[in-house]
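> Spelled out, the chains give:
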Amino acid sequence: MNTDQILIVIAISAYIASALALFTYFLSRENVAKLAGIPFAFLGCITQFVELGYRYESSKIWPLTNLYGSLSLFAAMSVAIFIGFALRYDLWFIGGFVQALAAIFLAYGLTWNEGYLPAVPALQSYWIKVHVPLVVSSYAAFMVACVTSVVYLIKYYAEQNVGRSSMVRLRTAAAGPAGAAGLQMQALAPPRPRSIIVGDAPNLERAAAGGSALAGWLASFPSLAKLDIMTYRIISVGLPLLTVGIITGAWWAKEAWGAYWQWDPKETAALFSWTVYALYMHLHTRNAWRGLRSAWLSVAGFISIMFCYLGVNIWISGLHSYKM
Amino acid sequence: MEARNAARLGADKLAERLDALLGRISDFWFGMAMLAVWGVMTLIGVVVDQGKEPAFYFTNYAPPLARLVLRLHLDNIYHSTGYVAVIGFIVACMTLATFRRVIPSRLPPLRAVKIDKIPLNASVVVDGDESDVRQRVERFFSERGWLVRKRELGGIEWTFADKFNWARKGVLIAHVGFVLIAVGTTMYWKWGFSGQTAIVAGLAQTIPETGARFQLDRFNYQIEPIRTKSGIVYQPIDYVSQLEITGHDGIKRHLTLRVNHPLDVDGTLYYQASYGSAVDFGVTKDGRPASGAPGAALLEGEGFPLGQTDRSVQYERFVGTIDRNGGVSPDPRANNPGVILTVFDGDQNIGSVLVPLGRSLDVGNGYRVDVGSYTLYSGIQYRHDPGIPLVGLGAFVLLTGLCMSFYFLPARLYVRVDPCNDSPEDRPRWSIGLAATTVKGYEIFEEQFAALVEALRHAQSGHAFQAKPSDPAFAVS
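Protein sequence lines correspond, in order, to chains A and B. According to this note's numbering, the first sequence is numbered sequentially starting from 1. According to this note's numbering, the second sequence is numbered sequentially starting from 1.
Derived by calculation from the structure, the hints in this document are not laboratory data. Do not take every clue at face value.
As a list, the in silico DSS-like pairs of lysine-lysine whose alpha-carbon atoms are at most 27 Å apart [unchecked claim]:
1) K114/B to K440/B
2) K226/A to K229/B
3) K440/B to K226/A
4) K226/A to K117/B
5) K440/B to K117/B
6) K150/B to K117/B
7) K440/B to K169/B
8) K129/A to K229/B
9) K60/A to K229/B
With the rest of the complex left out, here is chain B:
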């Protein structure tokens, strides 16, 4: 028995602590603090270049700032533990605040109130039979689309009239939308995958995650020189990959892949992401073929070592047109093509040089790098995201909730009919007292309330006697 009591006591204490913790997390200022921290971290992410190599920061930023960025891991802030934790706290705060604070206050129970303590209040004095007055009041609100409910509270009959009561759930629905989006996103992290590959024209690649085989038959780009006010702009118009794709069913399909038009192969989407030129390189030493030459055409960014030396050559990028002065022309089309090669001695960057296609570069110690022909390659991204339908549903639910919350004003009227003290016995008078509350404060409803009171007075005009002189806001005369 004692053990059971102790266990219950312990459980109560635990529940109390949990309640206090949940109360703290759902606290308004806690949420605000987390949002502020998130805002600052996000701003840092916007201002500081993300996902670059350390050398980039030392090149582009002042050394102390670069060190600060790297030490504090500000170079990848969106994927840092702190950032994810802050988002987690914000989501927890929003969820808890919604269920512990917002929903209960937005769905108040029908209860008696002190009408004159509510800022939006008025009273209209009418004469007539009590039941007749009550019926007229009920009819008045019903005819105007108010949901009328009657309750006897503390021996007094109250009439409650609600409008757009359903819209009170808008906040809840909007938050449910967020939860659905979060679940959909999590589904991607759990069961989805993504990647990218580059396929040189005429060659094939197999996507490791799906087993789908992609052969690039042809890649075309269209770039147009267009004269603008500030000179000629070489505007990309189209990138097109002609592919032979073999999916799970083993059937070969010839499909066209364009930007903005992903291909769906066995539930995974494939996107036209980039393109480039793969270049054949040869290496000679003292005029004879040397070891170390790459076996296949290199993509931009790839490199190769030079025989037995510490030197290596990196194919930085393809230059479509070399101008008459031997420089890089802004025209990216392959008119007079070349490549920019960077030579390294160990980790030391010796320098970069522009080499026309078909020429060779002397890289010292008798070594020469021959630059051969180029072949276009297509950069393809792929992504399997099972959470997309849920994210879409979440977005729809979120918008529905927002529209419910923003464009419908749930209001509640508290109405009671009381006998007037000074009414003559042969002609009883009644005071219709009413007050209004909304979920968005009083000011936003003031004009509508004034119009409603005015309409009530007019509707009761055959029976209206006079307004209570003490009404501060809407004295009806």
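Bound conformation, chain A alone:
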């Protein structure tokens, strides 16, 4: 194994170890697991950047000219952005998902690794050092946002399910003696909200108080509103990155191909994804669209990003077909 391969193996191993530890933290909320997972997350991320730097230094070929290179950066940036938000907003509980996805994308990227290939003339530009990292970083941010949205959806639908089953119990009790129904109603009456964003899953909290381990686990997640705000903040990082990425890409296209927009499948798909997230930002200003609808939109946005990133690169030929 050469140095390059050793570094990749270390990075993937670190991501897997971090994913296992942070999944354990996700399930158990034991701080020991979190503290075990964090160093591995750092190790994997740093190793990946070292590996990218090593590739560049040893070959003098910019490592982001093919799908392997960009997937490698995507994995590293996903973890870097996650770590940044986790440090700021204590998001470690979603780390298992992010680390696992980073490991999967990096391993998948390896299947496209054809070794050191010099860049084709169109890619021999300083813009590649600006455009590709920006766009890939935005994809990475959207992936982290998608994970927080998925956690939101899990908690939201669990809350709804518990609420529905509580209603069934309420009706059953109401059909019995009046006293029993009254007692049940009192027990199931929603507690007075302590604040806007804390305690927005009263059904789960009640079920947790009633001894349900699953509900207790779900209730221990940040509040729904907080998850929604987390997603919003991460997309607030991703969207400007994607915007600058598209603009720099357009500028580069003008230099390389003579027109800043050619309706190439990649350009069009990126514009579509941008529109989905622009829509997210617009709709998030409306009360009715915060929360559930926004979470679904974030998931839809990431699906469109994956289509733009991998679907267009692999299945659709165009000006951006740089697989190898």
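With chain A fixed as given, assemble chain B onto it according to the hints.
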């Protein structure tokens, strides 16, 4: 007089209708519907190959699908009237919504509110002289970077504190960026032009739109065979055109044109776009030169008729290396070159054949096509776009607006100081009631608001009495 009244009535009705129309276009769901339509059309454009010949669709798609694509003009959807119209509606919707709905709601006037009706609200009870309390409150917010303004509304003195108020204009600025980009793009459509030309080495071309003369002295390519895990890849490394260019000033300049390094000649940019091999063809009939042979070397894709027959020959493409089995090698470099010729009988494609350079092809009726030598040619694109500076400015303005909107949270505090009903006469107590609104809802500001209320309580600790017990969210004890 009556006529004037009727005219005014008519104008009012017209204004009313226009207002209703603008209201409809700026409607949220109208915009969403247009975006959805745009998304579907764009997706079709991504999935369906664009700008191909009808035959391409019949070859590559199922016949019903190919017919559908052609009948609905899905083969050129981005330039269809419908697509442009939808984009027009979206831009109109965004512009109208920005000015009619977003801006007014983001820049609310200073007005009295019911503090306890706003979800983010709290109150702190302090004692002291009224003017002293008011001054302390004002100082507290000013010291923390809040812009404090006082107004007397309905006989009550209100204190309004704003933070990042300027960032409320971020949305407007972002939309202005879009408008600038749209104007810049329109300038190209109106005053710009673009085109492409192919120049065979040693020959010259004059660009019709600019009059600039381009002579290709030499064209070189560099393609390297590189061993990868899945075999040898012939990777293009460089395409270089050595040109002699004569611009408006009549001075001849020797310049080098490369990919990613366009040349600016009299405000028009020239790009290295492609290359190919021009090939000389000769035609003989029964061993003697026949009419119909092309007068100059042909570029890939060009063809010529065969004398008086219905047949024609098309030079499909150049093959750099013919392998030992007589097939096409993946090596594009000219080691053992040949050409692929397609012969047509009328519109009927008879077949394609690979012919080595220096050989001839029997095309029937005594005709033979001789394949001569090749010369490299350079494909050059050119574009004059007077809108580029404006598009660049628009992109900058758009980003500025986005950053203002995303990274600064404009918040407004509504503060009023009211006497407590139960305060003793010798030691008056005051209730500082405050509520907060932001342009992004309440949840996003809740923690900051809690911290602010806590800080207010601490700042007033020498005078704090107790919190109002009825506060739902931030009861201060």
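> Against each hint, give a clear statement of whether it holds in the structure.
Now for the hints, and whether the structure bears them out:
1. K114/B to K440/B: Holds - the C-alpha atoms of K440/B and K114/B are around 20 Å apart, at most 27 Å.
2. K226/A to K229/B: 48 Å, violated
3. K440/B to K226/A: Roughly 13 Å between the alpha carbons, so the hint for K440/B and K226/A holds.
4. K226/A to K117/B: 22 Å, holds
5. K440/B to K117/B: 17 Å, holds
6. K150/B to K117/B: Measuring from Cα to Cα gives roughly 21 Å; hence the hint holds.
7. K440/B to K169/B: It holds: about 14 Å lies between the C-alpha atoms, which stays within 27 Å.
8. K129/A to K229/B: 26 Å, holds
9. K60/A to K229/B: Within the cut-off at roughly 19 Å; holds.
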